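Chemist: Protein chains in written order, with the numbering used here: chain Y, 2 to 402; chain X, 2 to 402.
Quick caveat, the hints were computed from the structure, so don't treat them as lab data. Note that the structure is a prediction, hence the values are computed from the model and not measured. Backbone N, C-alpha and C define an ideal beta-carbon position, used for all residues, glycine too. Please note that the accuracy of each hint is not assured.
[Stated by the list, open to error] Partial list, computed: chain Y residues near chain X (C-beta under 8 angstroms):
#	residue
1	M153
2	W160
3	I166
4	P168
5	K172
6	R216
7	S312
8	S314
9	R317
There are 2 protein chains.
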Amino acid sequence: MTQYHPLTEPEAIEFARTIPNLFQPGADLVSREIGDGNLNLVFHIQDRHSSASVILKQALPYAKVVGESWPLTLDRARIESEVLQLQGKLCPTLVPSVYTYVPHLSLTVMEDLSDHMIMRKGLMEGNQYPLFADHISTFLAHTLYYTSDLGMNQQDKKWQVKQFINPELCKITEDLIFDDPYTNSPNNSFEEAIRDEAEALWSDSQLHLEVARLRHGFLTNAQALLHGDLHTGSIFITAQSTKVIDPEFAYYGPMGFDIGAVVGNLLLNFAGQEGLSETDEKRAEFRQYLLETIREVWTGFEVKFRSLWSSHSTDRISRTPGFQDMYLKQLLQDTFGYAGCKMVRRVVGLAHVADLDKIADTASRERAQRIALAIGKALIKHNRQAASIDELLDIAKATIS
Amino acid sequence: MTQYHPLTEPEAIEFARTIPNLFQPGADLVSREIGDGNLNLVFHIQDRHSSASVILKQALPYAKVVGESWPLTLDRARIESEVLQLQGKLCPTLVPSVYTYVPHLSLTVMEDLSDHMIMRKGLMEGNQYPLFADHISTFLAHTLYYTSDLGMNQQDKKWQVKQFINPELCKITEDLIFDDPYTNSPNNSFEEAIRDEAEALWSDSQLHLEVARLRHGFLTNAQALLHGDLHTGSIFITAQSTKVIDPEFAYYGPMGFDIGAVVGNLLLNFAGQEGLSETDEKRAEFRQYLLETIREVWTGFEVKFRSLWSSHSTDRISRTPGFQDMYLKQLLQDTFGYAGCKMVRRVVGLAHVADLDKIADTASRERAQRIALAIGKALIKHNRQAASIDELLDIAKATIS
Chain Y
2 MTQYHPLTEP
12 EAIEFARTIP
22 NLFQPGADLV
32 SREIGDGNLN
42 LVFHIQDRHS
52 SASVILKQAL
62 PYAKVVGESW
72 PLTLDRARIE
82 SEVLQLQGKL
92 CPTLVPSVYT
102 YVPHLSLTVM
112 EDLSDHMIMR
122 KGLMEGNQYP
132 LFADHISTFL
142 AHTLYYTSDL
152 GMNQQDKKWQ
162 VKQFINPELC
172 KITEDLIFDD
182 PYTNSPNNSF
192 EEAIRDEAEA
202 LWSDSQLHLE
212 VARLRHGFLT
222 NAQALLHGDL
232 HTGSIFITAQ
242 STKVIDPEFA
252 YYGPMGFDIG
262 AVVGNLLLNF
272 AGQEGLSETD
282 EKRAEFRQYL
292 LETIREVWTG
302 FEVKFRSLWS
312 SHSTDRISRT
322 PGFQDMYLKQ
332 LLQDTFGYAG
342 CKMVRRVVGL
352 AHVADLDKIA
362 DTASRERAQR
372 IALAIGKALI
382 KHNRQAASID
392 ELLDIAKATI
402 S
Chain X
2 MTQYHPLTEP
12 EAIEFARTIP
22 NLFQPGADLV
32 SREIGDGNLN
42 LVFHIQDRHS
52 SASVILKQAL
62 PYAKVVGESW
72 PLTLDRARIE
82 SEVLQLQGKL
92 CPTLVPSVYT
102 YVPHLSLTVM
112 EDLSDHMIMR
122 KGLMEGNQYP
132 LFADHISTFL
142 AHTLYYTSDL
152 GMNQQDKKWQ
162 VKQFINPELC
172 KITEDLIFDD
182 PYTNSPNNSF
192 EEAIRDEAEA
202 LWSDSQLHLE
212 VARLRHGFLT
222 NAQALLHGDL
232 HTGSIFITAQ
242 STKVIDPEFA
252 YYGPMGFDIG
262 AVVGNLLLNF
272 AGQEGLSETD
282 EKRAEFRQYL
292 LETIREVWTG
302 FEVKFRSLWS
312 SHSTDRISRT
322 PGFQDMYLKQ
332 LLQDTFGYAG
342 CKMVRRVVGL
352 AHVADLDKIA
362 DTASRERAQR
372 IALAIGKALI
382 KHNRQAASID
392 ELLDIAKATI
402 S
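Could you build the full structure based on these sequences and the hints that come with them?
Modeler: This is the structure:
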């Protein structure tokens, strides 16, 4: 195993045996490949006779999306493992532990989180996660603050920018989020029922101007080390625990992009409630839960971020009166804008979300998609005027009233 | 010469002989070390019997400023030579030609520009340069446009950001421009006569908020590959020719920082006219020339930048109606802000400019310094409201009326 090649399951098992202090010698190990096969191999390796287990995640040198295959840098595996370790220092309980990284195999060996569920699935099953807002707002506040010029030495930060230059993965975001949905691109994918909505996106000049601005921020604003793909499919969750996974899109960008990803994906589930065969009352209750969660994510983030800033910062200039308020206002506005972009692309762009696509009833699915688009567009158009998270909740509520 | 060491003059001459196609074999070469000795050795090597000559610029592993000495990365020589070559491709007539770079000696071999004069000196001698505004606005438009996400592939740009990470030189800017002048720092240096002005800077909270914002832009806004130190001492000039030199501070930052450097330094000379033993009429005329030059620098930049954008850009999103106007408005505002920062620090900070300091008459010097500070502060405070370059000229004129 001295040269890169995709591991077979027997090889993965043999490799797992070599990890110190994990399995007993001669343990009866079994492997299950649980990756989606598009970007990575993910081996879940378990001892049949004990609770010991581990995850081996190996990057593949290509990406497969809707049948297409294109080469994709293996360097993303280095980035992912280094980011996980960095985030692990900043919020140890909120990411999987990395045991080791094997550069020549692009292989990260990490904690098994099989007792957790992908959050998107959990929300689709109607689960509520009362601790989630507290957890994710801690994750956002700590990872964004401590990797920014506010929370670390400004020169060290520049070396870190260099460490996490990630052009290939950024290009996927730039194309799929900020470009394709707003033009008649062959990458787009939407149902004929909402063709009117898709075509309206292609000619909405007010929307285009805001998206051009937000894309420019994504391209230039090296504010903090982002997760870069923080949707509810990148979050493992239980009632007690939240773990953020898969930071292969990590790079230095605008903080609001990560916060907006969380908010936008909660709102996609909000739209998706249209499809559940629940009573109106139950549906309204779950939507209320989602909106309250969004409010707590933002307010929790703001309180924690301000607290880190006020208590930790040794940077004299960042303590300038008024600067913190100005900074947080910009973050809120960016959060509106990027949340909106994240929503729009999940309805008409290449990659969709199950919250909407898995709605079986055609009419309900169409309603849900129209709600998601209505919220997304309104957030994008309102982004530069936003002054309070309440405005975001009002925008969401207005689409279902 | 296999290991780094500061060259002696005989070594510089021997090295110069090895440059292909420059000197005749056995040429009678003479070397003059013309660097200021603070950061670099600069050998001017000339054939006594022909017009052939060359510049050898070697970085020293330390910086000396007012007697202090601290270590400084030699990597800045790589950055400088690579930036000169890149700028040479974008505007070949506006930078010295680089013949070669010798990594292990941190040595750049380049075109001799001894027939040019440092522009700051030229302005102090009362020279007018009718072609300067056209030249420098071309330099600004081409170097900033073609290194930005507008003028190059967005993925290649990210690799270029990585290539020009420059923490040590950026720290000098961050400290001397955005920090020290606004607090009672031991690095500051100002005359007792203007202590009232210096102390006022330390407690001006409106100013501090704007400077914190502008510094944040410098720290995070990876908009284009900047020269990074584009004052009139980094410009070699004749009536016909303009050459921008010394880009060792180059890094990816806000475009307005470079444009503001040019504008701010022209305004420092504007303030410095106070000290010339000219008639009021002559002084007014030169000041008018400087203001007209500033106007032409901005309008020339704007016209050329918009023209490149409209004719060259293959990026669909950047053609979104309204985006170009919004972008240029922000550049103008940044230009106001950074021009102001560049001025303030040259009066009360560590490194001054001869335009002010060389004024022999004490009262005139004090008046000039107060004018420079008045313009600088007004530009910083007005930056977010700026809508036209005329406002900048009005601010300057108001300080002498």
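Chemist: Next step is simple, just say for each hint if it's right about the structure.
Modeler: Against the structure, the hints:
With a least beta-carbon distance of about 11 angstroms to chain X, the hint placing M153 (chain Y) at the interface is violated under the 8 angstroms criterion. A distance limit of 8 angstroms between C-beta atoms decides the matter here; for W160 (chain Y) the minimum to chain X is near 6 angstroms, and the interface restraint holds. Because the smallest distance between the Cβ of I166 (chain Y) and any Cβ of chain X comes to about 4 angstroms, under 8 angstroms, the interface hint for this residue holds. Hint status for P168 (chain Y) relative to chain X: holds, with the closest Cβ pair at about 4 angstroms, below 8 angstroms.
This hint holds: K172 (chain Y) has a C-beta 5 angstroms from the nearest C-beta of chain X, less than the 8 angstroms allowed. Interface hint status for R216 (chain Y): upheld, as the beta-carbon distance to the closest one in chain X is roughly 6 angstroms, under 8 angstroms. Of the supplied interface hints, the one on S312 (chain Y) is violated, with its beta-carbon coming no nearer than about 19 angstroms to a beta-carbon of chain X, more than 8 angstroms. Against a cut-off of 8 angstroms between C-beta atoms, the interface hint on S314 (chain Y) is violated, since the closest Cβ of chain X lies about 12 angstroms away.
Here the hint on R317 (chain Y) is kept, as its CB sits about 7 angstroms from the closest CB of chain X, short of 8 angstroms.
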